[in-house]
Amino acid sequence: MEINIATHDGATVLALTGRVDTTTASDLEQAINREIERGNRRLLVNFAGVSYISSGGLRVLLATAKKLRTENDRYALCCLSAEVHKVLKLAGFTSIFSIYPSEGEALAKW
Amino acid sequence: MPSGNELLTPLTWQPVPGAGGAQCYPIIRKIDTISSNSYLLRTPDALLLIDPGGLAEQADHLASVIRECRKEHYLPLVVFLTHAHVDHFLSLCQSPALSDPTKSTIAIHEIGAISLAEGDRNVTQAAILGMEITGVEIGLRLLSREGAATPGIPVTLTFPSGASITTIRDMVSTASGAPTQRERITFGAGEGFEIYHTPGHSPDSICLRFGRMLFIGDMLFAANPGVAGLCGWSQDSLVDSIDTITPLIMGDEIDIVCPGHGRVIPVATARTMLNSIRRDAVALRDIKELNTERSQTTAVFAEECLEHVSELFTIMAGRLYYVSYVIDELGDADMAEHLGTLIRSDTVDEMLEGFSAFSEEYRSGKQQPIHLALKAAQVIAKIERSFDGEALARIIEPTQISRAGRLLSDYTTTLRGFSPPTESSEQNISSILEALIISHSVQACSDDDLLLSADDNDAFVQVLLARIGTPPLLKDVEVMFECPDPTLIAAIDRDRFSDLITEMFEDLVGTGATKIQVTAYTSGSSVSITIAGTGCIRSINERETGFMRRACHDAGGSLIYNCSGAIRQFEITLNQLQ
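If you read the sequences in order, they're chains A and B.
The first sequence: position 95 = 95 (this note's numbering), numbered continuously.
One gets this note's numbering by counting positions in the second sequence from 1 and adding 110 to each.
Note that these hints are calculated values from the structure, not bench results.
In this text, a Cβ means the ideal position worked out from N, Cα and C, and glycines have one as well.
Hints are supplied without guarantee of correctness; some may be wrong.
One-sided excerpt, in silico: chain A residues whose CB lies under 8 angstroms from chain B [claimed, not checked]:
1) N33
2) L58
3) A82
4) A91
5) K109
Derived pair list, reagent style BS3-like, types lysine-lysine, alpha-carbon separation capped at 30 angstroms [said to hold, decoys possible]:
6) B:K181 - B:K213
7) A:K109 - A:K66
8) B:K625 - B:K585
9) B:K476 - A:K109
10) B:K625 - A:K109
11) A:K109 - A:K67
12) B:K476 - B:K585
13) B:K492 - B:K398
14) B:K213 - A:K66
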């Protein structure tokens, strides 16, 4: 899995490509934690290039939600494929995270 | 290679119990379809090798150990094959050091000798494993019909390898009381073999007793899914063979049982295993032959099944994380932590990702269909031990647990050579669909349930967990149901049909449908059901519908799937009863 990190409108966007599996979930967790440690607490995870997420990936998403819940924090997901959306929706995660169809729509709401 | 156990240390010479100073050098491998264990025995008169295995490097290793043994003085080598399957003998084709008739004599049951002489790719399993074999020159045909004509009379044979072998035939009683042939073979004054014909796994399978060790070939695996039904497999023979070997196992003459694959086992364990294998074998009447064609169709099912299992378990684990998250928010950290133990999701992920990597190898031609089918069985067995279904079903959607369990079970049933069990009966389709829509639209645990449990903390927690864990699937979706005929009857397996419809609802809701239209009507002699979702998100990959088609077939119908932009539609056709 590739993680490209960029800053847009004061938000840190992590764009993922590939599979979020047991191995790569920990890479994602480390990347997210690094951004939080740097003080970047407005995170948008772009799933446009992801067709598979494991339970390990779900755990990382949930752990991040626990870290980013002060008033000024922002945390959202965008560009979910049907496959990833299905897993998140049926697991109940869509009621925890803000999910947007595109990066632009997510950032416009922040 | 596995580390062995206290009974036998791999790659080391050690005494054979009860064999007058004979020694054993075992090669004990992890269980796979590529190569068997090998057991090299050393007596004052000969080197005796049981199953050289299927790998050239294994043969090279054995050849170097044999060379070392011959440094002091030459000893002839006699190679015994427990049966003519490629994983037990293929290295002979690749290693002249073990098969040179001037130094080695190869012995196998006479049925196996014919298979090897004819280069039979089916009986040897070379065809199903995608391997080529060359002829193997057999020196000694064991338990031959010819020898049976002279019971009790010793016959001494000498071979170009220098081996001088004396054989004598007699009869012994089996557990069923029926007599069976035995061949005793000696190589001089030292300990020799007692050999029993034990067909079932293959027509030529033998068991060999040497001292207090019994070399049992593949009998311990003969009733396993993916093994039972192989070309040459026989249920009746297997049961009879277990009876043949039972008196030996139940008596006090054997300490160690050496299987063709995996670790050696104490005789007490072998007794228990053989009882269980016999029970399994008796249940395997009329299974389909596991040939190349069936291994291919099973491999297709393996991929479909594990792809769906992967999605289902990720959703189940995710739902459990979600419940745990909410409970943690409510301040019950202990309960939140406990919930995490109900699925060992790391293990399940690891298994499924291992299968996914194996599947890639299969698609690139590096693995045969039977390997993929067996890998799936191995993964499924581990997944089945990785979740507490009963406890989970009290917290998250119970039909997800039952569907996962049924899917895993269906795969094992199919690999065994049976069709998954279905119960077709006349059912009112209209009322089933209506009931499903209602049950997926209302909260499983009502407000009343919550209030009634309020006086009992444990009961309250359980209801609370279930309420968080099982929100109604269709609660945020507009569902329209149209069925002009309220008495629409068709023949279906009700449970499988209900699961299929639930799968379709989940697919549509999961992919973001905001509206679902369910229509059921008579179409000629059939019942047609259309379930269409609008507002769906596009898939990255074209959706695999093999799983749904198979599920629909098992429920009693056929399926057409259409995806056009934001609309996903399932069309089910059921046979209407006349």
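Going down the list of hints, with the structure as the test:
1. N33: violated (18 angstroms)
2. L58: Holds. Min distance 4 angstroms.
3. A82: holds (4 angstroms)
4. A91: Since the shortest Cβ distance to chain B is 3 angstroms, the answer is holds.
5. K109: violated (18 angstroms)
6. B:K181 - B:K213: Given pair B:K181, B:K213 holds - Cα atoms ~14 angstroms apart, limit 30 angstroms.
7. A:K109 - A:K66: holds (21 angstroms)
8. B:K625 - B:K585: holds (11 angstroms)
9. B:K476 - A:K109: violated (50 angstroms)
10. B:K625 - A:K109: Judged against 30 angstroms, a Cα distance of about 25 angstroms means the pair holds.
11. A:K109 - A:K67: With Cα atoms ~21 angstroms apart, A:K109 and A:K67 stay inside 30 angstroms; holds.
12. B:K476 - B:K585: violated (47 angstroms)
13. B:K492 - B:K398: holds (25 angstroms)
14. B:K213 - A:K66: Status violated; Cα separation ~72 angstroms.
Checked against the numbered hints above, the structure breaks hints 1, 5, 9, 12 and 14 and satisfies the rest.
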